[in-house]
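Peer 1: Protein chains in written order, with the numbering used here: chain D, 1356 to 1610; chain F, 4 to 267; chain A, 238 to 589.
Among the clues, some could well be false.
[What the hints assert, rightly or not] Rough simulated footprint, nothing fancy, chain D against chain A, three-plus residues with beta-carbon under 8 angstroms: (1) 315-326; (2) 385-391; (3) 554-568.
[Unchecked claim] Computed Cβ-Cβ distance ranges for the label pairs, DEER-style: (4) F:G261 <-> D:F1463: 40 to 46 angstroms; (5) D:G1542 <-> F:V16: 42 to 48 angstroms; (6) F:L128 <-> D:F1463: 36 to 42 angstroms; (7) A:R416 <-> F:A244: 34 to 40 angstroms; (8) A:A341 <-> F:S22: 38 to 44 angstroms; (9) D:R1549 <-> A:V352: 26 to 32 angstroms; (10) A:S502 <-> F:G261: 50 to 56 angstroms; (11) D:R1599 <-> A:S298: 20 to 26 angstroms; (12) A:P299 <-> F:L128: 52 to 58 angstroms; (13) F:L31 <-> D:P1566: 42 to 48 angstroms; (14) D:W1432 <-> A:P299: 23 to 29 angstroms; (15) A:P299 <-> F:P140: 31 to 37 angstroms; (16) A:D451 <-> F:S8: 17 to 23 angstroms.
Rather than coming from a laboratory, the hints here were simulated on the basis of the structure.
Cβ atoms here follow ideal geometry from the backbone N, Cα and C, with glycine treated the same way.
Single-letter residue listing:
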Amino acid sequence: MGTLAAGFRLQLRFYRSYPDLLVPLLTAPLYGVVFTLVMRDGHRPDLVGSASLAPFYMSLWWFALFSGGWIIQTDRWEGTLEHLVSAPAAFAAVVLGRISATLLPAGFAFTETWVFARYVLDAPVTIRHWTVFLASFTVTLFAMAATALLMAALFVLARNAVTFSNSASFPFYVLGGILVPVAVLPGWLQPFTRPVFLSWSADLLRAAVAPGPVPHPALGLGAIAVLGVAAGLAGGVVLSHILRRLRTRGELAIT
Amino acid sequence: MSNASVVRHAFRVGARDYSTIFTWKTWLGAWFVRVLAQVAFFALVGRMLGSAERTQYLLVGNAVLLAGMVGMWAVNMVAWERSTGTLPLLAASPTHPAVVLASRGSYLVADATVSAAGALTVAGLLFGVPLPWARLPLALPVLVLVAGSAFCFATFAGGLLLGFRSAQPIVTNVAVVTLMALCGVDVPVDVYPAPVRWVSSVLPVTHGLRAIRLILGPAPAWEPILVQAAWEALVGAGWLAVCLLSFHAIVRRGRRRGTLDHSS
Amino acid sequence: MPVSTTPRPALRGPGPSEHPGDPAQATLESLGRSVGAPAPGTAPAVEVTDLVREFTRRRKSPARALNGLTLSVPEGEVHGLLGPNGAGKTTLVRILSTVLLPTAGRAAVCGHDVVREDRAVRRLVGVVFGGDRGLYTRLTARENLEFWGALQKVPARLLRARSSELLDRLGLAEVADRRVEGYSRGMRQRLHLARGLVGEARVLFLDEPTMGMDPVAAREFRTLIGELRGEGRTIVLATHDMAEAQALCDRVSFVRDGEVVATRSPHALTDLAAGVEFDDLDDAALALLTDLPGVTEVTVGQGTTRVRTDSEEALSSVLATAVGQGATRMRTLQPTLEDVYVQLIGDRGLKV
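Could you build all of it, start to finish, from the sequences and the hints given here?
Peer 2: In structure tokens form, the structure reads like this:
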């Protein structure tokens, strides 16, 4: 427990020391302006509400990718990884503590996006289905943390992690259906969207602020949870592989 | 060293920096997929709105924005230059800093142009947007102008931000979304009040994008196209002038205070 | 001032002069006991037997960093691992601090096996590597220390006070709330040491702790390490600096090619490999010196003559003889690491 808390606090200190980790909190309102302007200019006021919330998912994905994904790798660069491994505290607990700290700016990103949408963009974002909203929000944050764990582990092993993280933004925004629902995508692309937890989350959040009933809430929630658990388990497996490799080979370098 | 060889060497240095991030395989398999997705992300909105005209508007706007976006990376380039300690060497060299900067960044302009032109073509084909293919090559020099003026703008911003390491990624990201919002990429500039339109007219992308929309439009006329392209060049030249003035000021102050070689 | 919150008797291992290291005896002792929960103070702090570590290389035979190394360090001793770069010192420290697994052989810290009981070992050891890296540079010294303290399982209620105490003790109190990125080498190294101490480690590994430090900072740092000696902590100091090992250690193990060549008291080192260099020695004097007992080597160079001896007494008689012969310009020679090896084990098996 103490280790989790130490990891959590460490990550919060990093947010203070590296403000660039919080950049989506600055770009989200700008994206909000762009998205709502496009819908209004296209004479579709009915789409303004959901469009104004889309930047939240961009922030969420960004946090998973950048502030979560680089956690272990930065320790490698700083030369602190060996000290983490040789400490009596469980390495996985440190990583988990740091990743759970990324939920804080992610949660804040939603508040920011919603308040900006409601009071600055004047978008209709009243939450009509609170149960669906709260459930999907919680399970989405869980899936995001699990995905961040998987990325953190994979980025250590991947030769092109920098290239990947720089390139994994918009392709996943499209597959996640965060602005344009997955249903509008061409049919050949649709099977690729389902393994992306964002696609289920975005559908549920849109439904939660829309009038009328929410279609298949249990299916959506279940899918997000399953994808989150899968990412978390995969992350755990890769993490223990990394630790084993570090101790048997003496380094993590890709040769 | 002659200017030509400075250009050659600086280009090589820049290209080497770049090759630590990309090989041509990762450029094509990761980066190009990303820029294509960025254009598609917005073009899909047009499709959702059920309007072919709007789809084309968003597709062209966001493809041209890519040229400006890649040009904006010059912010980071200036920071590298400082952190690798080459800035004092640059200041002490007999070559004009404009020559060095231009050649140092020429690979960025090249990448910007290729990214934008490639995304425009491939996304155009994917979305079945009826682009006038024969006139597409005419857009290339304008894309170079857009990338170049964004590069000058970014170099100036990068110079201002020297010493604030955390600020560079923040500024690059915020600047790109600002360009997206203000330069007529997704919605016409006319939707904004006059003061915002003035800002927009001195930003890179705005005029070049207008020129390209005219080139790809139904009835292209030479004169307005050339006027808009000239404006884009002028905006770039203006930022370059500001950039060089500030560079001289930094060097003068740095020589006086001895801060030029501090990599903070 | 001890850092410990619970007072602990200052346990000193058997002194090097009375007990010039008897690994065999220590091994027998540890074999006779169950590995699970050794009583403190009875198991050696470090017990390494026939340790081998190989690193696989691409399209080459594996590199052997440790080649059957055996070592025993009693609790409370400051033990030097002296050897050139690449001798295997760092590999040994990494294995003992559970960061690396051995290929073969056995290593234990306070009776706990580093492979099977790695968690127990991690609670006992503190590691200090030399160099610039290994700290979160954008955090302050205090933030770094509190984080590492939490990872060392220091109870939260003690952590703040202990961090302050350590920062104060290591002369970092005034800069404790500044980011580490602005620190000098020496300051970073003191923070590294604080990190090694924050968990109340019973065994402290220092790997080239003064590497890259300027001489003044290195001397101050050695003074600090010297202060830790009286606290009953076992310290294993890996270094290639003979003066450093001499100044700090109770015993020194010479490591070469992944093996311990010999373990000696550092006082023995001063007797070894001493010599004089003369600038103005005439032929008659030279002939006299060459025949003195204890003179091992005489080399005549351009205008200078080097005379090496095997003991302090021999050196004295060389000096007396030379002065008697009218020599006035001379300087004593500091033994190099290589000299010491040659003196210790002769030329047997040495690839220079």
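Peer 1: Look at each hint and say if it fits the structure.
Peer 2: Each hint, compared with the structure:
1. 315-326: Coverage by chain D is violated here, the residue count being 0 at a Cβ distance below 8 angstroms.
2. 385-391: Coverage by chain D holds here, the residue count being 5 at a Cβ distance below 8 angstroms.
3. 554-568: violated (count 0)
4. F:G261 <-> D:F1463: 40 to 46 angstroms: The hinted range 40 to 46 angstroms holds for G261 of chain F and F1463 of chain D, with Cβ atoms some 42 angstroms apart.
5. D:G1542 <-> F:V16: 42 to 48 angstroms: 47 angstroms, holds
6. F:L128 <-> D:F1463: 36 to 42 angstroms: 41 angstroms, holds
7. A:R416 <-> F:A244: 34 to 40 angstroms: 37 angstroms, holds
8. A:A341 <-> F:S22: 38 to 44 angstroms: 42 angstroms, holds
9. D:R1549 <-> A:V352: 26 to 32 angstroms: Violated, since R1549 of chain D and V352 of chain A (Cβ atoms, about 44 angstroms apart) do not stay within the stated range.
10. A:S502 <-> F:G261: 50 to 56 angstroms: 51 angstroms, holds
11. D:R1599 <-> A:S298: 20 to 26 angstroms: Given a distance of about 23 angstroms, which is inside 20 to 26 angstroms, the answer is holds.
12. A:P299 <-> F:L128: 52 to 58 angstroms: 54 angstroms, holds
13. F:L31 <-> D:P1566: 42 to 48 angstroms: Holds, at about 45 angstroms.
14. D:W1432 <-> A:P299: 23 to 29 angstroms: Once the Cβ atoms are compared, 28 angstroms apart, the range 23 to 29 angstroms for P299 of chain A and W1432 of chain D holds.
15. A:P299 <-> F:P140: 31 to 37 angstroms: Between P299 of chain A and P140 of chain F, where Cβ atoms are some 58 angstroms apart, the hint is violated.
16. A:D451 <-> F:S8: 17 to 23 angstroms: 41 angstroms, violated
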